[in-house]
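Protein chains in written order, with the working numbering: chain U, 50 to 485; chain C, 50 to 485.
Be careful, since some hints might not be right.
Where chains are identical, the list cannot tell them apart; a pair therefore holds if satisfied intra-copy or between any two copies.
Claimed, not checked - With a straight-line Cα cutoff of 30 Å, these simulated DSS-like cross-link-like pairs (lysine-lysine) come out:
#, residue 1, residue 2
1, Lys-304, Lys-411
2, Lys-441, Lys-77
3, Lys-443, Lys-364
4, Lys-380, Lys-118
None of these hints come from the bench; they were simulated from the model.
Model, not experiment: these values are computed from the prediction.
There are 2 protein chains.
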Amino acid sequence: MIIEPRTLAGFMELLPNEQILFEQMKQKIENTYQKFGFLPLDTPILELSEVLLAKAGGETEKQIYRFQKGDTDIAMRFDLTVPLAKYVAKNYGNLSFPFRRYQIGKVYRGEKTQKGRFREFYQCDIDIIGDEELGIINDAEIPSIIYSLMLELGFKDFSICINNRKILNGIFEEINQKEKAVEILRIIDKIEKIGKEKVIEELKKIGIQQHEVNKIINFISIEGTTDEKIEKLKNLNISNETFKQGLEELELVVKYIRIFNVPDTHFKVDLTIARGLDYYTGTVYETFLNNYKEIGSICSGGRYENLAEYYTNKKLPGVGISIGLTRLFYKLNELQLIKTEKCSMADILIIPMTQDMSIPIKLANNLRAKNINTEVYLNDKKLKAKFKYADKLKVPYVIVIGEDEINTNTIKLKNMKTGVENTLNLDAEEIKQVIK
Amino acid sequence: MIIEPRTLAGFMELLPNEQILFEQMKQKIENTYQKFGFLPLDTPILELSEVLLAKAGGETEKQIYRFQKGDTDIAMRFDLTVPLAKYVAKNYGNLSFPFRRYQIGKVYRGEKTQKGRFREFYQCDIDIIGDEELGIINDAEIPSIIYSLMLELGFKDFSICINNRKILNGIFEEINQKEKAVEILRIIDKIEKIGKEKVIEELKKIGIQQHEVNKIINFISIEGTTDEKIEKLKNLNISNETFKQGLEELELVVKYIRIFNVPDTHFKVDLTIARGLDYYTGTVYETFLNNYKEIGSICSGGRYENLAEYYTNKKLPGVGISIGLTRLFYKLNELQLIKTEKCSMADILIIPMTQDMSIPIKLANNLRAKNINTEVYLNDKKLKAKFKYADKLKVPYVIVIGEDEINTNTIKLKNMKTGVENTLNLDAEEIKQVIK
Numbered sequence: 050m051i052i053e054p055r056t057l058a059g060f061m062e063l064l065p066n067e068q069i070l071f072e073q074m075k076q077k078i079e080n081t082y083q084k085f086g087f088l089p090l091d092t093p094i095l096e097l098s099e100v101l102l103a104k105a106g107g108e109t110e111k112q113i114y115r116f117q118k119g120d121t122d123i124a125m126r127f128d129l130t131v132p133l134a135k136y137v138a139k140n141y142g143n144l145s146f147p148f149r150r151y152q153i154g155k156v157y158r159g160e161k162t163q164k165g166r167f168r169e170f171y172q173c174d175i176d177i178i179g180d181e182e183l184g185i186i187n188d189a190e191i192p193s194i195i196y197s198l199m200l201e202l203g204f205k206d207f208s209i210c211i212n213n214r215k216i217l218n219g220i221f222e223e224i225n226q227k228e229k230a231v232e233i234l235r236i237i238d239k240i241e242k243i244g245k246e247k248v249i250e251e252l253k254k255i256g257i258q259q260h261e262v263n264k265i266i267n268f269i270s271i272e273g274t275t276d277e278k279i280e281k282l283k284n285l286n287i288s289n290e291t292f293k294q295g296l297e298e299l300e301l302v303v304k305y306i307r308i309f310n311v312p313d314t315h316f317k318v319d320l321t322i323a324r325g326l327d328y329y330t331g332t333v334y335e336t337f338l339n340n341y342k343e344i345g346s347i348c349s350g351g352r353y354e355n356l357a358e359y360y361t362n363k364k365l366p367g368v369g370i371s372i373g374l375t376r377l378f379y380k381l382n383e384l385q386l387i388k389t390e391k392c393s394m395a396d397i398l399i400i401p402m403t404q405d406m407s408i409p410i411k412l413a414n415n416l417r418a419k420n421i422n423t424e425v426y427l428n429d430k431k432l433k434a435k436f437k438y439a440d441k442l443k444v445p446y447v448i449v450i451g452e453d454e455i456n457t458n459t460i461k462l463k464n465m466k467t468g469v470e471n472t473l474n475l476d477a478e479e480i481k482q483v484i485k
Numbered sequence: 050m051i052i053e054p055r056t057l058a059g060f061m062e063l064l065p066n067e068q069i070l071f072e073q074m075k076q077k078i079e080n081t082y083q084k085f086g087f088l089p090l091d092t093p094i095l096e097l098s099e100v101l102l103a104k105a106g107g108e109t110e111k112q113i114y115r116f117q118k119g120d121t122d123i124a125m126r127f128d129l130t131v132p133l134a135k136y137v138a139k140n141y142g143n144l145s146f147p148f149r150r151y152q153i154g155k156v157y158r159g160e161k162t163q164k165g166r167f168r169e170f171y172q173c174d175i176d177i178i179g180d181e182e183l184g185i186i187n188d189a190e191i192p193s194i195i196y197s198l199m200l201e202l203g204f205k206d207f208s209i210c211i212n213n214r215k216i217l218n219g220i221f222e223e224i225n226q227k228e229k230a231v232e233i234l235r236i237i238d239k240i241e242k243i244g245k246e247k248v249i250e251e252l253k254k255i256g257i258q259q260h261e262v263n264k265i266i267n268f269i270s271i272e273g274t275t276d277e278k279i280e281k282l283k284n285l286n287i288s289n290e291t292f293k294q295g296l297e298e299l300e301l302v303v304k305y306i307r308i309f310n311v312p313d314t315h316f317k318v319d320l321t322i323a324r325g326l327d328y329y330t331g332t333v334y335e336t337f338l339n340n341y342k343e344i345g346s347i348c349s350g351g352r353y354e355n356l357a358e359y360y361t362n363k364k365l366p367g368v369g370i371s372i373g374l375t376r377l378f379y380k381l382n383e384l385q386l387i388k389t390e391k392c393s394m395a396d397i398l399i400i401p402m403t404q405d406m407s408i409p410i411k412l413a414n415n416l417r418a419k420n421i422n423t424e425v426y427l428n429d430k431k432l433k434a435k436f437k438y439a440d441k442l443k444v445p446y447v448i449v450i451g452e453d454e455i456n457t458n459t460i461k462l463k464n465m466k467t468g469v470e471n472t473l474n475l476d477a478e479e480i481k482q483v484i485k
């Protein structure tokens, strides 16, 4: 009996040409993280539910893949932060602080399936974890990593937006609306979509008084350069201590970001950014492609007071970011911002025309020894079928080796994009020089 | 309330120094697969149980992590072969054949937990899938990939053992003991441990007649060089067709393996190798470290007649291998055959001694631009704490930048292994030349 081969809804599975692109993006992210000296980490996808869900609740908990195996209550990780917290608490004595780690791995959330939403997706995280304390300068290194990362991924026109949660919290404390903070943030988050008038209307609807609305609107309407915005924030004359501390931190972070050489064209203060509500406590980040805001934030994160409070009494402050690679890839592909060119990992495909394969195989071994990915077409097919394979693979170069080539100790190297054919000596180094 | 941060039994979680090594091994395997032109594939870890378990049964099925989410019966993949079969059947029209793919990913088996056994482990697979047919020469390319792989992983003294299932099956057909094949193989598999006499005894115990036992013993006792073994197999004068076909294939594979330049010192015919019973149909492979046979086979696989018979009517013959990386890493580590040296991904740690970080940060950016992984120690600590961090990380080089260095536009580059200190110009290229 034949069973229809199908993949679960919400689970991405790519064709080879797409997969190659996906792997390239993943590799670029990993290389960037390593360039800044972050350590690799790989934690299990399954954890004890009791451990993984120590903190979770509400929406998150509903989405968890959780099951019983024998006597064990098991859950699949839904992010890479909780496993990091567990790991740092567990291995505290064996780690050097600040502990800088990256992790790139799949996480699982049983969200409603809809276009562009995935139940299994890659997160690419970095975090810097301090022991008891972590200097604010670390909050400024993060945007410099984002900046490198975005350039590495081929983006030029993007904005790294920063804010500080203490500024937001201070504002809400100032107008005595701390308990409505979530609702207020949700409304002001929509300002780009629905406009200022609608925002005012909705704020009033949830019971915010006119003079409080004014304060909020004045605050989020602050415009200008980064320095002008900071100046205007100072001029709001808000006496709330949380606000003042947040503003001080923001000013320092901006100062350091410039020392980290991130140009003012690529970062800005955005006072509407909050990044969820119960986790971040200081600096927060979002990163947008200026011409494709509909993609949403590509790279987000922030500062948190205490990573692992559910697992240890040690105070472990940290700052980190995450890229949701699966969704990003899907969106870039949908918008045709990435091109699936080759369907081959090989740089060169060697097509033997003789029964005896020893010379083609020897050449392939020599090319591989020079770090050139090489495939030999091994199957006994007609020439037409062999070239059809090369065409479908979109392999960059093809080498044909027949009787003539063996007798003259030469090869024909064909650039499959330009069609240009070169006759070269049967020599790996000579071939390498031409294709590099 | 504090919850004890613990990891599920049977799930590997490494410290940074071990993780670095693990990633290096994984990277070497991936690079080798790519060098031979294999395409990357990444399939979901979760699949519909109906699809994933189309074929499974017995032992495998018992070990599966399987659960209900909403109305959906879900299972975690237990290998990378079934997902490959599903993928090829599903995407048949969009693939080029022979389809050469690699996949490196985690798989799940709820085995009994014991030392060195893992419930979550990496498999690193390659397979070559033909459409309707796949030439025997592909069976010979596989050992050449294993050979490259083993050298790349740093192994020198190893044996790639090959056999052909048709030879085994033919022998059992010849003595009319096909239905006892599993038991017989289990017994002869122990010959190295228990010796020939015990094997004879056990064969008789399961009802094999003396003259049949003789045939088996004659067969597995065949010794000599590869060519001598093949000659002796011919001289057994077994008329069974399956046997003859297997022997013919084995002879061809040996011929081609030599064309692929695998030296006779590193491969051999081993007539006792069977690799399970219901999957492989032709050539089979196992790979051993000659001095550490207790590790078991490092890299195993073989030829199968039809990859995806449960999902499609297309006939898809293939040949492939798999490395169980998690277990291999564990064993090599246990035997101290791999050394966990550095605990840092950074090549250089820059330690700033001044309040102003701009010069250290600028240097770090310049070094990264030259592909040197660089970390700046950003935290405001005493010099002693800074050097303690460098020591713990075992970072290869440390650069200290203080007032003096800034004033003279120089830096001190310290090789942390030799202790040698160089005074260099504050110039990334000059530093690169010294450390490379």
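Taking the hints in turn, this is what the structure says about them:
In this assembly of identical chains, Lys-304 and Lys-411 lie within 30 Å of each other by CA distance solely across copies; the values are 15 Å between and 58 Å within a copy. Proximity of Lys-441 and Lys-77 under a CA criterion of 30 Å is satisfied in both settings, with 26 Å inside one chain copy and 28 Å between copies. Only between protomers do Lys-443 and Lys-364 lie at most 30 Å apart by alpha-carbon distance; the minimum there is 25 Å, versus 54 Å within a single protomer. In this homomeric assembly, Lys-380 and Lys-118 come within 30 Å of each other (Cα to Cα) only across copies, at 27 Å, whereas the closest approach inside a single copy is 36 Å.
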